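Going by our numbering, 462 is the number at position 462 of the sequence shown; the sequence numbering is gapless.
It is possible that some hints are incorrect.
[As the list claims (entries may be wrong)] Mimicking EDC-like on lysine to aspartate or glutamate, the simulated pairs with C-alpha atoms at most 16 Å apart in a straight line are:
#1 Lys790 <-> Glu778
#2 Lys424 <-> Asp491
#3 Lys740 <-> Glu780
#4 Lys121 <-> Glu156
#5 Lys24 <-> Glu59
#6 Lys356 <-> Glu501
#7 Lys121 <-> Glu15
#8 Lys740 <-> Glu778
Calculated directly from the structure, the hints in this document are not laboratory data. Since we're looking at a predicted model, the values are computed, not measured.
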Amino acid sequence: MPTEAQFAAQIAQIEQDWHLKPEKSRQLCVELIDQAREARLPYYQICAAELYGKIMDHEGKAFEARNVLYEAVQQAQALHNFILEARIYEQIARLHYTKGDYRTALQNWLTCIELAESDPKTWMLAKVGVGQIYDALNDSASAIVFHQAAAARINEIDDPYLDAKIQINLGVNLLKCHRNQEAKVALERALAICLARHYPDYAAESYFRLGEIAIDEAALESAQTLLQNGLALARQVGYQWGEANIYSAMAEIEAQQEHWQTALDFIHQGQKISAENNFSHILMRQHLAAAQYAEALFDMPQALAELKAGFEFQQQINNSTQPEQRAELEQKTGLRLSVGTMLINLANHQAIEHGKLTEFGPVITEAATQILDVQRVGLWVSTAQQDRLSCLSLYDQKLRQFISEEPIEYARAPVFMKSIGMHKSLIAHDAQHHPDAWDFSEQYLQSRGIPSILVFPVISTNQYCWLIFEHVGEQRNWVPDDIQHASQIADIAVRAMSNQERRLFQTEIHELNVRLIESNEALETRVKERTQALAQSNQELRLAMDKLVQSEKLAALGSLVAGIAHELNTPLGAALTCSTTLSASSQEINRQLQNNALKKSALEEFIANNLVANQLIERNIRRASDLVSHFKQVAVDTDSTRRRAFDLAEIVNEVLAMLHPQLKMTQHRVDNQIAAGWLFDSYPGPLEQVFSNFILNSVLHGFEDKPAGLMTLHAEPCDAQHVKIIYEDNGIGMNTEIQKRVFDPFFTTKLGKGGSGLGLYIAYNLVTGILGGELQLESEPGQFTRFTLKLPLIAPINLQVEE
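Sequences are here, hints too, so could you generate the full structure?
The structure is reproduced here in structure tokens:
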């Protein structure tokens, strides 16, 4: 078995020699293809196949290379080598062109142009190919455009052979457009290249085409020389297509000189070559020309025989195209359905829209055999365990019946199963040698005489299916139309499965809706019952909450009363002491007066002491009266939601005065930085309760381990309608978990130690409720706790409160 280096060397040698030794090179290509296939070296197999296609095309047998080339293109696709793929597509297009299948040839050449943009050589070959199609369709002007486009890129590569090919094709079409001088320039350039580079085949064709120009211009002697030179080169390399055409042209020269017998001799030599190589078109023209020459010699039997033979070949050529023409006619008259019509009929079939898998599966597989003209089409599904393929429906067109197949275990063809498991289409012209289908071919296809398959996924939400198109007989090389039609059938199958799933979903949804309605009715009954119970529970909860809030207020009021009582005790005690002393002094003076022992000095001293005592009593009574007034105002405000105008500083001072007795018993201090001038139209009572709750919360919780804490009150403008009030203490702070719950009702860290868990809850509800503001909390453990109030200077109207 050759090494990779030896493969590369042999391919390079064939590339160099095949113009001079085409038959030997062809045989070497066949050997290399077999060796590379056996060695699993697809790159060298593709290169050898490309050369094989070129040689077969050169020998006029391009179509015989079709199986080799289609195998090569599937190898290139497996390698994802777009350049190699384009080169093979160029050869495939050419073999279809030689058979007159211009549609398929054009499709492949256009694919080649798309893939080969970065490969100038292949791109130019494809452009020349498209030009040749226009030439065959008698549109030489369009052909010239494509040949000139190819010629414009020839300087990008060093390929004299391709340059000559382009110039020859350009010259031929220029000649057909009667642009003889331009044609001559192109052909002479091609001839010069071929002679310099030793391309005898293209040199022979260049001589032949230049000879045609000379004949057209009546330069018969020059034409004779050109054709003789071309004939010699064609014989040298066995270029029989060139030989046959040159003999026809040489016969025409003799005929124009009325050398009828010589013309007839030349045409007979050409006929022999054409017959040996099955050049039907050339042979038809040669027989018709021979009939003309024989008639000029008055050899009527021979003329009639030649004319008859020419018409027979013409009939054969027509018959080769008649199936297509007949099919087109039958489609137009409605005697035969076109592929498009069959696809539309399948797409509109009732089973596709409304059927189950067991109904639309057979419809699709049977129709698919007719649309693609294959013997067998199967719809296969992967099992839930994804360990095998099961056949849902398989139609055999030859047997005209549905047949069954045993499931195919994944383990029997793992390469194939892995490939289709990627949910991509698989195009196998030669399944036996396809890199993704060879094991499936061994296990399933070969025993059933199936060389070629198409596989298309049919994926739905719940199932993974595949359509497998199986061609029985000789290898079938799938053309673009085949692939497109198979893809369209797969799309129809996907739609059928989606429709089935949609119907199943709709049925399930309907059943669920019925159950849901029943459940809703039962739920509504339960909801009504529970709503009544919940309403009663909520009423009880509200009453309990009101009692708890009232208890909190009463507890605060009790604490406040205790503080006020303590505060009143000092001035009232002083007044009582003075009053008692004054009473005793009065009794002593009265006794002295009764006993006539009262002295002037004693009376003066009594009067002086009496004045001092009266002043002291009056001052302490007034102080007690002031305390009672403050208490009365705070008590009225905190226990009511009466709206009035007030100055923020006054409210804060009243709260501090009210809490002074409690604060006086501690070392904690309040730094009130709120100056007068912040005028509100709001509810002072709730605001006083908020400040009171903040201060008491700091004393009870914030300064738990701090003997001398500092509380700060500060106000600053927020905007024209709002003021920001900041209350901060430097206590123990709160962690994140406590901050999340601090405004929840009944949450306290002092449960059983005097904390009710309602203080900050009440404060938050008052701020965000009746006061119409916002309350934010910031705290750092061990550093501070800060409450920021954003309050409107004019509180929103609260109808419930106003009423």
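Structure-based check of each hint:
1. Pair hint Lys790 plus Glu778 holds up; C-alpha atoms about 14 Å apart against a cutoff of 16 Å.
2. At roughly 13 Å between alpha-carbon atoms, Lys424 and Asp491 fall within 16 Å of each other, so this suggested pair holds.
3. With a C-alpha separation of about 13 Å, the suggested pair Lys740 and Glu780 falls inside the 16 Å cut-off, and the hint holds.
4. Distance restraint check for Lys121 and Glu156: the Cα-Cα separation of roughly 9 Å lies within the 16 Å cut-off, and the hinted pair is therefore satisfied.
5. Taken as a hint, the Lys24 and Glu59 pair is honoured in the structure, with Cα atoms around 12 Å apart against an allowance of 16 Å.
6. Annotation: proposed proximity of Lys356 to Glu501 holds, straight-line Cα distance about 9 Å (limit 16 Å).
7. With a CA separation close to 15 Å, the supplied pair Lys121 and Glu15 stays within the 16 Å bound.
8. Taking the CA atoms of Lys740 and Glu778, the gap is near 11 Å; set against the 16 Å cutoff, the hint holds.
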